[in-house]
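J.: Build the complex: two chains, separate frames, hints provided.
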Amino acid sequence: GAGVSQSPSNKVTEKGKDVELRCDPISGHTALYWYRQSLGQGLEFLIYFQGNSAPDKSGLPSDRFSAERTGGSVSTLTIQRTQQEDSAVYLCASSVRGRGTEAFFGQGTRLTVV
Amino acid sequence: AQKVTQAQTEISVVEKEDVTLDCVYETRDTTYYLFWYKQPPSGELVFLIRRNSFDEQNEISGRYSWNFQKSTSSFNFTITASQVVDSAVYFCALIVTGNMLTFGGGTRLMVKP
Numbered sequence: 001g002a003g004v005s006q007s008p009s010n011k012v013t014e015k016g017k018d019v020e021l022r023c024d025p026i027s028g029h030t031a032l033y034w035y036r037q038s039l040g041q042g043l044e045f046l047i048y049f050q051g052n053s054a055p056d057k058s059g060l061p062s063d064r065f066s067a068e069r070t071g072g073s074v075s076t077l078t079i080q081r082t083q084q085e086d087s088a089v090y091l092c093a094s095s096v097r098g099r100g101t102e103a104f105f106g107q108g109t110r111l112t113v114v
Numbered sequence: 001a002q003k004v005t006q007a008q009t010e011i012s013v014v015e016k017e018d019v020t021l022d023c024v025y026e027t028r029d030t031t032y033y034l035f036w037y038k039q040p041p042s043g044e045l046v047f048l049i050r051r052n053s054f055d056e057q058n059e060i061s062g063r064y065s066w067n068f069q070k071s072t073s074s075f076n077f078t079i080t081a082s083q084v085v086d087s088a089v090y091f092c093a094l095i096v097t098g099n100m101l102t103f104g105g106g107t108r109l110m111v112k113p
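Going down the list, the sequences are from chains A and B. All residue numbers for the first sequence refer to this note's numbering, where the first residue is 1 and numbers rise by one. All residue numbers for the second sequence refer to this note's numbering, where the first residue is 1 and numbers rise by one.
This is chain B alone, in the form it adopts within the complex (with noise of 0.2 Å):
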């Protein structure tokens, strides 16, 4: 079966900090994607971003970044320059087999003025 983890439950930082989500997932498919989604106060669903796991190379998209590496079957995504409108909810999420997505816990980001 597949797991997602995401450690920190909650982080909190100031504005213009960098600030880093940790995702380990586990599963035993050679074939499989990965993504994050952003959930903020207003409660819908944002995707981010989606990797398959043949493709290793990190991508940055604006502030946002992302570093997957399967040696350690993680999934981190690391914010830079934070602003007060990055504050929510991110769940890291996994599709091993069909599309159902299994997502890891969330982590509560709050960014501070």
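Next up, chain A with everything else stripped away, as it sits in the complex (with noise of 0.2 Å):
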């Protein structure tokens, strides 16, 4: 497709059960970004892939949270044993290579834990 594409675009799970969501980036862009947007408020970093390197991990709130990027292209974001305050959307960006090039957001999905 055109953009970024993120599934499903809303979510709703018992506390305890094990949650994957879906990004699909831009073809041919190699970085790949996971955020994390809480009910008002900023953009929580996450996770970051660049080519074949090994990612950034440094944003993930907990070993709960884990991310793969398979072929350099998908990436499936992973959170076990969910809980009330994972609850946000959850937003998939890519770019193409190279420092300070502008990323392209997917739509977002919306987990809710109840």
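To be clear, the hints were calculated from the coordinates, so they are not data collected in a lab. Some clues are possibly wrong.
[Unchecked claim] If you anchor each label on the Cβ, the simulated ranges turn out as follows:
{"id": "1", "chain 1": "B", "residue 1": "GLU59", "chain 2": "A", "residue 2": "ASP63", "range": "37 to 45 Å"}
{"id": "2", "chain 1": "B", "residue 1": "ASN58", "chain 2": "A", "residue 2": "GLN84", "range": "39 to 47 Å"}
{"id": "3", "chain 1": "B", "residue 1": "GLN2", "chain 2": "A", "residue 2": "LEU39", "range": "34 to 42 Å"}
[To be verified] Calculated pairs, DSS-like style, for lysine-lysine (alpha carbon to alpha carbon, straight line, at most 30 Å):
{"id": "4", "chain 1": "B", "residue 1": "LYS38", "chain 2": "A", "residue 2": "LYS57"}
{"id": "5", "chain 1": "A", "residue 1": "LYS57", "chain 2": "B", "residue 2": "LYS3"}
{"id": "6", "chain 1": "B", "residue 1": "LYS16", "chain 2": "B", "residue 2": "LYS38"}
{"id": "7", "chain 1": "B", "residue 1": "LYS70", "chain 2": "B", "residue 2": "LYS3"}
{"id": "8", "chain 1": "B", "residue 1": "LYS38", "chain 2": "A", "residue 2": "LYS11"}
[Stated by the list, open to error] Anything over 10 Å on all C-beta distances counts as not near chain A; from chain B, calculated:
{"id": "9", "residue": "GLU17"}
{"id": "10", "residue": "THR20"}
{"id": "11", "residue": "THR27"}
{"id": "12", "residue": "SER42"}
{"id": "13", "residue": "GLN57"}
{"id": "14", "residue": "ILE60"}
{"id": "15", "residue": "GLN69"}
{"id": "16", "residue": "SER71"}
{"id": "17", "residue": "SER74"}
{"id": "18", "residue": "GLN83"}
{"id": "19", "residue": "THR97"}
{"id": "20", "residue": "MET110"}
All C-beta atoms in this analysis are idealised placements derived from N, C-alpha and C, irrespective of residue type, glycine included.
T.: Shown next as structure tokens:
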């Protein structure tokens, strides 16, 4: 597709369940990011993939959070044993290789943990 | 560590007024990149502008203009003759190393008819 695609757009899950959020970046973009936006809050960095380099996981809030990027393209963010404080919009973005290039964002996945 | 501050959490104006959104950044690096993004009610972040630290020229794009001043570490955004469609949350962001964006807290702009 032309833009960054995220699925599902909305996800409601019970506390304690695992969830997987998917991101399809723009074709040819080597950098991929995950951010989290809680209600009325700013954007919190979670993880960053650049090509075949080891990902920057410094923003992951706990070991319940993990992410993979297969084949340098699609990425999956997994949250294990979800908690109510995990409720947020999870945004994925991608950019072409090169320092300082602009990132293009998907529409986000709204996660609600009940 | 780098930081971006948007002191105005919410601004309300009447249509056709001019409005300036403030952004102040902190970094010790001499090479960095500044961005503005718009987040309309639909939720998707829309890229507006990118500026590198070596280019202090101000930029104008239609009703939008940006004022970059390294002396005050500011990168302010002005909307001239605001319209209801400008209502959104606006984020200022900074890249210092790699491609990781550090965002400010955002400014919610409400333009009333």
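J.: Run every hint past the structure and note whether it holds.
T.: Against the structure, the hints come out as follows:
| no. | hint | in the structure |
| --- | --- | --- |
| 1 | B:GLU59 with A:ASP63: 37 to 45 Å | holds, 43 Å |
| 2 | B:ASN58 with A:GLN84: 39 to 47 Å | holds, 45 Å |
| 3 | B:GLN2 with A:LEU39: 34 to 42 Å | violated, 25 Å |
| 4 | B:LYS38 with A:LYS57 | holds, 26 Å |
| 5 | A:LYS57 with B:LYS3 | holds, 19 Å |
| 6 | B:LYS16 with B:LYS38 | holds, 19 Å |
| 7 | B:LYS70 with B:LYS3 | holds, 15 Å |
| 8 | B:LYS38 with A:LYS11 | holds, 24 Å |
| 9 | GLU17 | holds, 25 Å |
| 10 | THR20 | holds, 20 Å |
| 11 | THR27 | holds, 13 Å |
| 12 | SER42 | violated, 7 Å |
| 13 | GLN57 | holds, 16 Å |
| 14 | ILE60 | holds, 19 Å |
| 15 | GLN69 | holds, 19 Å |
| 16 | SER71 | holds, 21 Å |
| 17 | SER74 | holds, 18 Å |
| 18 | GLN83 | holds, 23 Å |
| 19 | THR97 | violated, 8 Å |
| 20 | MET110 | holds, 14 Å |
When held up to the earlier numbered hints, the structure conflicts with 3, 12, 19 and fits the remainder.
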